[in-house]
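K.L.:
Residues per chain, in single letters:
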Amino acid sequence: MSVSVEEFIGELQRKAERGELLYIGQSLRRIDDLEKVLGKPIYTNDLLPRETLYARLVLSKQPHAILKGIGVARAISYPTVKAVLTYQDIPGENISSTIIPDRPLFAFEKVRSTGDIVAAVIAENERRAAEATELVDVQYEPLPAVFDPIEAMKPDAPKVHSEGNVIKHMKVRKGDVEKGFQDSDIIVENTFRTQFQDAVPLEAETALAIPRDNGKLLIIGSMQTPHHVQAAVARVLGRPLEDIEVIQAVTGGAFGPKSDEPPYDVSSIAALGAIKTGRPVLMSMTRKESMIAHTKRHPAIIHHKTGVKSNGRLVASEVQIVLDGGAYASLGVLVIVRATFHANGPYDIPNVKNDGYKVYTNNTYTGSFRGFGAPQAIFAAEAQMDEIARKLNMDPLDLRLMNMLRPGSRTSTGQLMDDSCGLPECVDAVVSASNYREKRREYSQQSGKVRRGIGIAMLHHGNALGPEGNDYAYVHLSVEKNGRVHLGTALTEYGTGAVSGLAQIAASVLGIPLDYFVLDRPDTLAHHETGATVASRVTAIGGNAARDAAMKLKERATAVAARLLGVSPSDVRIVDGLAFVSGNPKRTVSWEEVVRAAYESGVELSVIGYYMAPQCVWDQETGLGSPYNQYTFGAAVAEVEVDVETGQYRVLNYYVAFDVGKAINPKNVIGQLYGGSVQGIGYAMMEELVHVNGKVVNPNLKDYYIPTSMDVPERMVPIIVEKPGSMGVYGAKIIAEPPIVLPAPAIRNAIMNAIGDGVNDLPITAEKVYRKAKELGLG
Amino acid sequence: MDRIRISFRLNGVEREAFVSPEERLLDMLRDDMGMKSVKEGCGTGDCGTCTVLVNGKPVLSCIMPAFQARGKEITTLEGLNEDSAMKVIQDKFREYHAAQCGFCTPAMEIVGYKLIKESDGVPSKEEVKEGISGVLCRCTGYYDIVDALRSAAEVIKK
Ligand code: FES
Ligand code: FES
Chain H
0 MSVSVEEFIG ELQRKAERGE LLYIGQSLRR IDDLEKVLGK PIYTNDLLPR ETLYARLVLS
60 KQPHAILKGI GVARAISYPT VKAVLTYQDI PGENISSTII PDRPLFAFEK VRSTGDIVAA
120 VIAENERRAA EATELVDVQY EPLPAVFDPI EAMKPDAPKV HSEGNVIKHM KVRKGDVEKG
180 FQDSDIIVEN TFRTQFQDAV PLEAETALAI PRDNGKLLII GSMQTPHHVQ AAVARVLGRP
240 LEDIEVIQAV TGGAFGPKSD EPPYDVSSIA ALGAIKTGRP VLMSMTRKES MIAHTKRHPA
300 IIHHKTGVKS NGRLVASEVQ IVLDGGAYAS LGVLVIVRAT FHANGPYDIP NVKNDGYKVY
360 TNNTYTGSFR GFGAPQAIFA AEAQMDEIAR KLNMDPLDLR LMNMLRPGSR TSTGQLMDDS
420 CGLPECVDAV VSASNYREKR REYSQQSGKV RRGIGIAMLH HGNALGPEGN DYAYVHLSVE
480 KNGRVHLGTA LTEYGTGAVS GLAQIAASVL GIPLDYFVLD RPDTLAHHET GATVASRVTA
540 IGGNAARDAA MKLKERATAV AARLLGVSPS DVRIVDGLAF VSGNPKRTVS WEEVVRAAYE
600 SGVELSVIGY YMAPQCVWDQ ETGLGSPYNQ YTFGAAVAEV EVDVETGQYR VLNYYVAFDV
660 GKAINPKNVI GQLYGGSVQG IGYAMMEELV HVNGKVVNPN LKDYYIPTSM DVPERMVPII
720 VEKPGSMGVY GAKIIAEPPI VLPAPAIRNA IMNAIGDGVN DLPITAEKVY RKAKELGLG
Chain G
0 MDRIRISFRL NGVEREAFVS PEERLLDMLR DDMGMKSVKE GCGTGDCGTC TVLVNGKPVL
60 SCIMPAFQAR GKEITTLEGL NEDSAMKVIQ DKFREYHAAQ CGFCTPAMEI VGYKLIKESD
120 GVPSKEEVKE GISGVLCRCT GYYDIVDALR SAAEVIKK
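So the sequences go chain by chain: H and G.
For what it's worth, numbering that gives the first Met the number 0 labels the leading residue of the first sequence as 0, then goes sequentially.
For what it's worth, numbering that gives the first Met the number 0 labels the leading residue of the second sequence as 0, then goes sequentially.
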């Protein structure tokens with residue numbers, strides 16, 4: 000196909016009119032996946048230097064006990080063993096914690112869970128290291144333990160730490176719930192329970208420490224936030240930050256635990272081993288070690304009491320959330336904040352009283368995991384809505400339409416929805432795509448063994464960190480002499496394509512194709528500290544920093560191009576890597592020529608972009624105010640088929656719509672809707688890490704099921720809604736996390752539609768559905 | 000420790016190795032042969048990320064002893080990177096954003112390759128889902144992988 004010069008010029012001119020939005024909203028290919036599809040050695044465990052030693056963990060065998068002694072002599076003399084590390088080998092502080100310094104790296108004086116690390120064995124050979132862990136002789140004196148968070152809140156419960164077991168109590172107080180209950184026609188009360196969920200990134204936690212000739216250390220690992228790992232390792236080693244360089248290797252899934260404390264553990268142990276032996280040390284958790292010793296999703300016990308008018312108007316909502324924190328605080332002290340803020344669901348309710356507690360127990364610890372408290376909170380809130388609808392004999396959709404957040408309504412914290420609220424559009428989209436109303440009618444008169452049901456759920460999700468920290472980001476851009484642009488940032492990529500999305504934004508602003516870009520590995524030495532890569536904030540927040548960097552770079556490049564073209568910079572346009580005079584694209588100079596000219600005239604093509612989100616203001620005591628700058632909204636409809644005789648059920652269709660503000664790369668957004676929804680389907684239907692007396696009984700992928708390709712709904716329909724927010728780049732809202740939230744309540748409500756009652760504790764296994772059906776006299 | 004000398008073909012090349020009786024095929028491939036595309040997601044035969052072809056059949060290399068490779072033909076992704084059908088699959092994985100974190104990708108591509116090679120015509124969605132069901136993916140929810148493989152099959156089978 001040949002294009003005439005005129006056509007080509009016309010095209011350039013038209014594209015120039017898009018300005019910095021040139022490539023925004025296009026499903027461009029990611030630039031970080033070529034090495035992945037070729038199977039190149041890019042993950043931590045692929046990068047081992049010669050002479051690398053292997054570390055294996057000795058985990059506590061007791062959930063709560065005084066540590067009487069650790070005998071290492073037999074392990075040390077085992078073939079190929081080079082060192083056995085315990086708390087005595089820590090030159091700095093024995094702390095491996097994010098926020099509250101309550102967790103030692105190696106157990107000291109006592110153990111508080113079976114996930115506590117007592118020692119690590121380092122050997123020439125991985126298998127030998129594993130065998131030698133059996134020879135470490137740990138003596139325990141068992142203490143009374145507590146495994147139920149409600150029990151743990153009682154004053155006479157065994158204390159996991161020296162203070163009481165309630166680590167954090169978070170409140171929301173709006174209006175007067177007592178008066179609201181009096182004004183209500185009915186009161187609905189229910190208790191909901193959720194389970195331990197394991198994130199199961201297919202690459203488990205791993206880090207490689209390499210001693211350098213100058214006495215410093217290089218750490219390469221699988222993680223979300225390299226600067227936090229650097230600080231954690233420095234604290235353990237008692238060394239200054241500059242002695243430790245941390246590089247994030249390509250990371251094989253993360254989902255939250257890799258932003259929490261597990262990467263501190265593997266990196267610190269590898270570092271201690273490397274210093275002790277003078278050789279590179281790999282600390283790569285086995286699946287079993289990971290499933291016992293990394294952070295999981297908190298189990299929750301959630302009680303709802305709701306006052307409602309007979310017409311369906313919600314008047315008062317009182318919610319109590321108790322999270323099983325396990326033995327340590329971790330990022331869980333922030334998880335309870337998000338859970339409590341979102342506890343009432345996406346509804347405008349005048350009177351609210353929420354109490355959230357994160358509580359210590361002697362279970363393995365819980366912390367950051369995709370959704371960050373929202374999956375538990377929204378499961379309960381959305382199940383409660385269907386319970387209310389049943390009491391009122393109303394369609395659950397109508398109940399929601401009457402109460403849901405719309406532009407101009409207010410959240411549970413009194414925040415006015417004046418930014419952008421696409422919830423009504425999301426609901427419309429899934430209701431019409433699924434034919435919800437018709438199917439609901441159709442399914443209301445079923446009898447027989449196999450029955451279908453359809454259910455809906457919706458959410459709001461406060462964007463980025465909000466109350467969880469300062470939302471800032473740095474992005475570095477620098478141009479090589481050949482025109483290639485390096486994008487560097489300490490914001491990390493672990494699968495979503497978000498960092499490639501940052502390059503797409505920079506490419507769009509600069510007017511040069513995305514394939515000019517190279518992503519540099521996040522490196523504490525090369526890149527500014529930029530806060531945690533959590534809360535799905537890379538695109539919305541990091542995007543603003545990428546845009547800022549690209550604007551700065553563009554100004555310089557444009558000045559050079561203007562000189563080459565003999566016009567003023569305001570007349571220069573750059574499109575698809577060609578600079579030309581606006582209105583007259585006949586004469587062009589290429590990006591490469593511009594870069595060469597810049598190099599020859601000493602113009603520096605290296606910049607740092609920065610963004611800091613507006614401060615969120617809310618009251619610590621009442622929770623009232625605006626804890627988040629903007630919200631993502633979403634709605635989902637699930638359609639199920641239940642065999643009432645066996646309790647077996649399948650999700651036939653799943654429709655999901657999200658208001659993402661602006662989809663920078665729609666294909667990436669869809670990837671999150673698919674992937675997050677399926678992880679949420681696992682949470683809804685099958686995943687549960689089981690503790691018995693503090694011991695994890697299924698720390699393997701044989702007994703802990705995650706969805707396979709055969710378990711996903713036959714049809715999933717992802718829908719993008721765009722109502723631009725005020726904070727994110729080009730109006731973008733965060734999207735990686737919220738899709739995991741909706742399957743559990745949507746599926747629960749669909750089953751309730753099919754059989755007449757819902758299961759209120761996750762996961763909704765066939766066995767629970769069977770029991771429910773039996774209770775109801777079906778089957 | 001007794002080591003066993005074995006010879007086998009790896010990606011079309013005659014190779015030799017000295018392996019201990021406990022050594023897994025996975026370790027031999029990764030550590031001794033440098034085939035880093037073979038991933039260890041669980042080590043217990045439950046995730047499929049360590050899948051390689053042994054005499055053309057998908058095998059979990061984490062539960063196969065290395066010495067059993069004696070006399071066999073082993074294929075890893077490294078050996079298929081120049082294969083025209085595999086190139087189409089890889090290109091489609093990129094087009095459909097089917098590699099997110101990428102950790103399951105080599106195994107997915109291998110089982111997908113095998114499936115496409117052995118089916119007459121373009122496999123149905125159900126057939127693809129079944130064909131890849133031995134490999135777990137925690138990122139994509141599988142939809143983009145299934146679409147990528149079917150789209151690749153359309154090109155390969157033309
Ligand atoms: S590593 Fe072999 S099946 Fe998981
Ligand atoms: S892409 Fe991450 S496990 Fe499949």
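Source of the hints: derived by calculation from the structure; they are not laboratory data.
Honestly, I wouldn't trust all of these hints.
To be verified - Under the rule of at most 20 Å between Cα atoms (straight-line distance), these lysine to any residue pairs were calculated in the SDA-like manner: (1) G:113 - H:707; (2) G:113 - H:37; (3) G:124 - H:713; (4) H:178 - H:37; (5) H:167 - H:713; (6) H:701 - H:713; (7) G:86 - H:34; (8) H:81 - H:98.
Computed from a prediction, not measured in an experiment: that's the story for all the values here.
K.L.:
Does each hint fit the structure? Answer for all of them.
P.N.:
Hints versus structure:
1. G:113 - H:707: 19 Å, holds
2. G:113 - H:37: 16 Å, holds
3. G:124 - H:713: Answer holds: residue 124 of chain G to residue 713 of chain H is near 9 Å, not above 20 Å.
4. H:178 - H:37: 64 Å, violated
5. H:167 - H:713: Violated, because 42 Å separates the two Cα atoms, which is more than 20 Å.
6. H:701 - H:713: Roughly 24 Å between the alpha carbons, so the hint for residue 701 of chain H and residue 713 of chain H is violated.
7. G:86 - H:34: Holds, because 13 Å separates the two Cα atoms, which is no more than 20 Å.
8. H:81 - H:98: Violated: residue 81 of chain H and residue 98 of chain H sit about 33 Å apart, past 20 Å.
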